[in-house]
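Guided by the hints, dock chain B onto chain A, whose structure is given.
There are 2 protein chains.
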Amino acid sequence: MKQIYLDHASASPVDPRVVAFAVPFLSEDYGNPSTLYVKGLDARRALESARGKVASLINAESPATIIFTGSATESNNLAIRGTALRNRQAGQKVVSSVIEHISVLNPMKELQKSGYHYETVPVDASGIVDLETLADRVTKETVVTSINYANDEIGTIEPIREISEIVHERGQYLHVNATAAAGKISIDVQKDGVDLLTLSSNDLAGPRGAAALYIRRGVKVQTILPGGGQENGIRSGTENLFAIAGMGEAAVIAGEEMAAERERLQQIASLYRQEILTIPDSYLTGHPTERLPGHLSFRFSRIEGESILLNLDTAYNIQVATGSACSSRTLEPSHVLLAIGLKHEEAHGSMIMTLGRSTLGEDIPYVVDAVKKTVDRLREITAM
Amino acid sequence: MKQIYLDHASASPVDPRVVAFAVPFLSEDYGNPSTLYVKGLDARRALESARGKVASLINAESPATIIFTGSATESNNLAIRGTALRNRQAGQKVVSSVIEHISVLNPMKELQKSGYHYETVPVDASGIVDLETLADRVTKETVVTSINYANDEIGTIEPIREISEIVHERGQYLHVNATAAAGKISIDVQKDGVDLLTLSSNDLAGPRGAAALYIRRGVKVQTILPGGGQENGIRSGTENLFAIAGMGEAAVIAGEEMAAERERLQQIASLYRQEILTIPDSYLTGHPTERLPGHLSFRFSRIEGESILLNLDTAYNIQVATGSACSSRTLEPSHVLLAIGLKHEEAHGSMIMTLGRSTLGEDIPYVVDAVKKTVDRLREITAM
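Protein chains in written order, with full-length UniProt numbering: chain A, 1 to 384; chain B, 1 to 384.
The reader is advised that the hints may include incorrect statements.
Any copy will do: because identical chains look the same in the list, a pair fits if it lies in one copy or spans two.
Derived lysine to aspartate or glutamate pairs resembling EDC-like cross-links, with alpha carbons at most 20 Å apart [what the hints assert, rightly or not]:
(1) Lys373 <-> Glu306
(2) Lys373 <-> Glu362
(3) Lys109 <-> Glu332
(4) Lys2 <-> Asp42
(5) Lys2 <-> Glu28
(6) Lys372 <-> Asp192
(7) Lys2 <-> Asp29
(8) Lys191 <-> Asp376
(9) Lys372 <-> Glu306
(10) Lys113 <-> Glu256
Source of the hints: derived by calculation from the structure; they are not laboratory data.
This is chain A alone, in the form it adopts within the complex (with noise of 0.2 Å):
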């Protein structure tokens, strides 16, 4: 059986010019980056080409801006951790939405341990920052703000452009989590007046092993790796020169390819929504037009999300998720899904598809049947 795989938001294949520019680097330009031999200045500049180019997706100032990682995860504590330390004469208040991720929700609550005020943000019924709860909660304590570009369960995209003029005239700076949104639509980061924003490889179908953080100019980061002293003193630990050059190029393929991939994926979004909404009692989460092209996200009533993850993949070998991708072995329903006011309930019975490079339109009838008999067979089930 064919399979056809609609979960990019938790993990994207590599994709395969990526892999072919990359593995050179395993195993015959290995150089550390920090050695002084012609072998290490070419690793040299392979790491500073790769930050060229990770800067060029997203429109920074300069090469300079771009920190690498080990993670997104890793980006977003440097980003909120490293900020609110380094800068914690300017007030210890920090500040997210609800539906952050729990990578930037958890780090926010280790700083509330050790003494800042946190506070969250609502979101409305599509997702969206509720801004005049924003425009209260920042106050010019406020040392971080972390806002995601777009949320990765519901796909919702935020206003980030009205939400930095909130967080700048209040507060001081603005962290943005575009894991989900990076390469998928447009970003730049001095139009959208971004201070900080954690980029991941995996999400451009880059390895994992890198992600990034745009760090502006003037913002000043503590490390939360101390060691080596690499990445301008910011992140230590010998360059993972793979992941990285392969983070490189995948943002460079991203980026030349955006235009017509965010349109391609957009049509087969447009009609996988159509025919499943024909569902009875299914319904779209999230914003019903701000969203990335490509994610698509339902809920059902009377079943849970992870029956229709199970089904659809041992009956039809379709992978799909239901709830955080990164943390879906929980029993809890998702907190997104609470926070744009659905019930426990309700939230339980969510399921999402984000569509990928290797999506394909004529898997849409098969896809759609499957959805359609899974959903049906479920609720036969539970009505017995």
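Then chain B, alone, in the frame of chain A:
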């Protein structure tokens, strides 16, 4: 000109067998171990298999004692800061030798900034930790004592079992940075009496982007990267399966070939040592016998290690190191060489050769001749 790479301590080429094993995890077996469908379960199985392989290499009591991180720097930070912070009530004192890697020293200094009492223990002229001073410094308030299994700059192997006895009679937990030693000499965390042990993938000829921290059952460690709760809540972030699976395979190969490879590298190193020490005013640094197989560290009077490095690279395509592999861009003399009693000008004349799997005995005459000519030439220039 054929490349003769003798700087495996700063970066190792990934073994082609490891590449072949790990590459399928990029574009085929790319599932996220936290997902519930079969592809996710397969990923989970590969993750747990790698954990078992790494556990075996160091004879850990259970695979569950192995936590995967992104780098040796991160493992050292987790071992030191994670353990100290979690066990704050047991004492706020930390101890290390003076010759620890900078990714151990800097986390120690971080703790010091936040109020911990940090003391260092000197070493003798061969780099062996002064056990009497260690016994004086470690008290029941000493929550973490960190000593390297073997030093990456001078190759000296520490008497870990004796150190473990001293630490456990007086203080709390012993962390051992085995980055340079793992895969090269036999490590048994149970017999050695180690509580926490760092080992890195690349030092086993596996890909960068993975490292491990052994945490003896019962030792409580606090996360330093809060987020999705992967790795039993101790290290968040989607698992980098390519690097982790590669590290597992690299551990298997290292374990299987260790005895033979140790013998082979010791023979080559012994010939290098004999020949190079015929150069006037040349000295071996570190311990004459208790040293890593394939590790050679020398110093030459009246010349700069950096000049040796650059001349060997440019004129002979031979890559060696000088000073610490990770901070060799600094102009300060190695803290390790100063700690074994060398004067500044003596420490500046160091050359480190770390052999690896690709090192061939047949290259010895060429390399020895190149080193001799280089030292002669540099001394001539200096004498002018």
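Okay, the hints, checked on the actual structure:
{"no.": "1", "hint": "Lys373 <-> Glu306", "verdict": "within (15 Å within a copy, 70 Å between copies)"}
{"no.": "2", "hint": "Lys373 <-> Glu362", "verdict": "within (19 Å within a copy, 68 Å between copies)"}
{"no.": "3", "hint": "Lys109 <-> Glu332", "verdict": "within (19 Å within a copy, 40 Å between copies)"}
{"no.": "4", "hint": "Lys2 <-> Asp42", "verdict": "between (42 Å within a copy, 17 Å between copies)"}
{"no.": "5", "hint": "Lys2 <-> Glu28", "verdict": "between (36 Å within a copy, 13 Å between copies)"}
{"no.": "6", "hint": "Lys372 <-> Asp192", "verdict": "neither (41 Å within a copy, 59 Å between copies)"}
{"no.": "7", "hint": "Lys2 <-> Asp29", "verdict": "between (37 Å within a copy, 15 Å between copies)"}
{"no.": "8", "hint": "Lys191 <-> Asp376", "verdict": "neither (47 Å within a copy, 59 Å between copies)"}
{"no.": "9", "hint": "Lys372 <-> Glu306", "verdict": "within (15 Å within a copy, 69 Å between copies)"}
{"no.": "10", "hint": "Lys113 <-> Glu256", "verdict": "neither (44 Å within a copy, 46 Å between copies)"}
Going through the hint list in order, the structure does not satisfy hints 6, 8 and 10.
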